[in-house]
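So the chains spell out like this:
There are 2 protein chains.
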Amino acid sequence: MPDSIHAIPEVVILRLPLYVRVLTQLKDEGTEVISSRELGDRLSVTPAQIRKDLSYFGRFGKQGRGYNVSYLVGELRQVLGLDRQWNTAVIGIGRLGRAIINYPGFAPEGFKVVAAFDADPAQVGRQFEDVAIQSIGEMQQTIRERNIAIAIVAVPAPQAQRVISELVSCGVKAILNYAPIAPQVPEDVRVRNIDPVLALQTMTYHLKVRQDEAGS
Amino acid sequence: MPDSIHAIPEVVILRLPLYVRVLTQLKDEGTEVISSRELGDRLSVTPAQIRKDLSYFGRFGKQGRGYNVSYLVGELRQVLGLDRQWNTAVIGIGRLGRAIINYPGFAPEGFKVVAAFDADPAQVGRQFEDVAIQSIGEMQQTIRERNIAIAIVAVPAPQAQRVISELVSCGVKAILNYAPIAPQVPEDVRVRNIDPVLALQTMTYHLKVRQDEAGS
DNA sequence: TTTCGATTGCGCCAATTGTCACAATTCTAC
DNA sequence: GTAGAATTGTGACAATTGGCGCAATCGAAA
Chain Z
13 MPDSIHAIPE
23 VVILRLPLYV
33 RVLTQLKDEG
43 TEVISSRELG
53 DRLSVTPAQI
63 RKDLSYFGRF
73 GKQGRGYNVS
83 YLVGELRQVL
93 GLDRQWNTAV
103 IGIGRLGRAI
113 INYPGFAPEG
123 FKVVAAFDAD
133 PAQVGRQFED
143 VAIQSIGEMQ
153 QTIRERNIAI
163 AIVAVPAPQA
173 QRVISELVSC
183 GVKAILNYAP
193 IAPQVPEDVR
203 VRNIDPVLAL
213 QTMTYHLKVR
223 QDEAGS
Chain F
13 MPDSIHAIPE
23 VVILRLPLYV
33 RVLTQLKDEG
43 TEVISSRELG
53 DRLSVTPAQI
63 RKDLSYFGRF
73 GKQGRGYNVS
83 YLVGELRQVL
93 GLDRQWNTAV
103 IGIGRLGRAI
113 INYPGFAPEG
123 FKVVAAFDAD
133 PAQVGRQFED
143 VAIQSIGEMQ
153 QTIRERNIAI
163 AIVAVPAPQA
173 QRVISELVSC
183 GVKAILNYAP
193 IAPQVPEDVR
203 VRNIDPVLAL
213 QTMTYHLKVR
223 QDEAGS
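From first to last, the protein sequence lines are chains Z and F. Sequential numbering from 13 applies to the first sequence in the working numbering. Sequential numbering from 13 applies to the second sequence in the working numbering.
Hint data in this document are derived by calculation from the structure and do not stem from the laboratory. Glycine residues also receive a C-beta, built at the ideal position from the N, C-alpha and C atoms. One thing to keep in mind: the hints can contain errors.
Every beta carbon over 12 angstroms from chain F, so not counted as near; a handful from chain Z, in silico [as the list claims (entries may be wrong)]: (1) T43; (2) F72; (3) K74; (4) G76; (5) N80; (6) S82; (7) P133; (8) A134; (9) F140; (10) V143; (11) R158; (12) C182.
Pulled from the structure, derived: some chain Z residues nowhere near chain F, Cβ distances all over 12 angstroms [claimed, not checked]: (13) K39; (14) S47; (15) S48; (16) R49; (17) R71; (18) G78; (19) V126; (20) G137; (21) I148; (22) G149; (23) E150; (24) Q152; (25) T154; (26) E157; (27) E178.
Label-pair restraints from in silico Cβ distances [said to hold, decoys possible]: (28) Z:R222 / F:S177: 16 to 22 angstroms; (29) F:A134 / Z:G183: 44 to 50 angstroms; (30) Z:K74 / F:G149: 44 to 50 angstroms.
Just need the whole structure built from these sequences, with the hints factored in.
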């Protein structure tokens, strides 16, 4: 159990899915073996970093040869818990929420939307892609019954913190948040924010420097 | 010019938009002054980190009092280059691309979609929200003419790297990528990826640990 | 077999990033 | 005016993260 000796840095966990993605692609292309150098080239990271990241979880490579792609991707999927299905619920069934329910990219990766909730009584009872919309009041019970571990929040910003707090009190420990806010949650709850505006705003700083230089 | 002495860590740039967002909200709520402690509480960051981050760009606070919200948000917007309009182009006008063009959240923040491109000739010429779809071949010229600094990529994964490389050769230095790939770009080009599956996959690791513990 | 080029895993060090703690300063209240 | 409470900005330190370099090992080729 090599992963129980030292705590694993969170940044490492954040990189593993990237490795999985590229390795899966390599596997589909028929590549059987890959070195940390080649993998690093594909991901724009140093080979040393890849080797170190992987070494937190085991010894997957062979000296002089590299990593067996199928084997490594399998091990990493297991490490990340991607070897099972995860049930999710979508909260907020507006344009965005409907798009999320219809998004075909989740299911093949093991993420299944099994419930949907909306505050608007007019929406309750409607059906999208096998999923019937329920009222917010039914959330706690459904989350328990359907073993929902991950919530996807797509409500308008003003309601987002309230909804997230409610999810937390339902025992949800992982939230994918599409609302443009900085949610406050207990530290044992993980939140990932999807926020294109924020992403754009982190790039303009560098563009500005460039633009200002050109102007002077 | 306090920001010219030391290079500013990239992580700091990544946090600034968060500060801007919360400060803007505070401003709207009528808060005039805020301390680093209160701001830190809202963002789940230590006060020291906020003070240090801000200190890279100037001295915005007053001892014994805190930061004037309006003033600080204005300064930070200027630092980030959010005090101007940024023209963007969307490439790939499928379901996702159309949703991006119609998304009402960009314009208020100064990001304007002024062009749209698609490889499918049947799409070319159609109009969405003031924006006429052009062929990929017209990209270079339009990017120059319309002063487009940021590209938003919403093409299917298999085409994404090719499109991104083409954008790079058109001189684009900032790309918001919705395709589930790890794009390779020169180091002077910035890419931010929007990828909900990847975000979910970074959370399951912790859920798995919890689940496994419960099982044993 | 033996040799040789390739590549891993990891100890150790370097670089980066975060936090502490405190002097300096501001505001308020009396 | 003065005292005291609050809070910034920053230098010094601590913690975290990344990368180098090399012994160990693998596979191929002769």
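Verification of the supplied hints:
1. T43: holds (15 angstroms)
2. F72: Given that every Cβ of chain F is farther than 12 angstroms from that of Z:F72, nearest at about 17 angstroms, it holds.
3. K74: holds (24 angstroms)
4. G76: holds (27 angstroms)
5. N80: holds (20 angstroms)
6. S82: holds (19 angstroms)
7. P133: holds (25 angstroms)
8. A134: holds (22 angstroms)
9. F140: holds (15 angstroms)
10. V143: Correct as stated: the minimum Cβ-Cβ distance to chain F is 17 angstroms, above 12 angstroms.
11. R158: About 15 angstroms separates Z:R158 from the closest Cβ of chain F, which puts it past 12 angstroms; holds.
12. C182: Answer for Z:C182: holds, closest chain F Cβ roughly 15 angstroms.
13. K39: holds (15 angstroms)
14. S47: Nearest chain F Cβ is 17 angstroms from Z:S47, so the label holds.
15. S48: holds (15 angstroms)
16. R49: Correct as stated: the minimum Cβ-Cβ distance to chain F is 15 angstroms, above 12 angstroms.
17. R71: holds (19 angstroms)
18. G78: Non-interface label on Z:G78 holds, nearest chain F Cβ at 19 angstroms vs cutoff 12 angstroms.
19. V126: holds (14 angstroms)
20. G137: Answer for Z:G137: holds, closest chain F Cβ roughly 25 angstroms.
21. I148: holds (22 angstroms)
22. G149: holds (25 angstroms)
23. E150: holds (23 angstroms)
24. Q152: holds (19 angstroms)
25. T154: Holds, since 18 angstroms exceeds 12 angstroms.
26. E157: Label holds. Min Cβ-Cβ 17 angstroms, cutoff 12 angstroms.
27. E178: Nearest chain F Cβ is 19 angstroms from Z:E178, so the label holds.
28. Z:R222 / F:S177: 16 to 22 angstroms: holds (20 angstroms)
29. F:A134 / Z:G183: 44 to 50 angstroms: holds (49 angstroms)
30. Z:K74 / F:G149: 44 to 50 angstroms: Holds, since Z:K74 and F:G149 (Cβ atoms, about 47 angstroms apart) stay within the stated range.
Hint compliance for this structure: no hint is broken.
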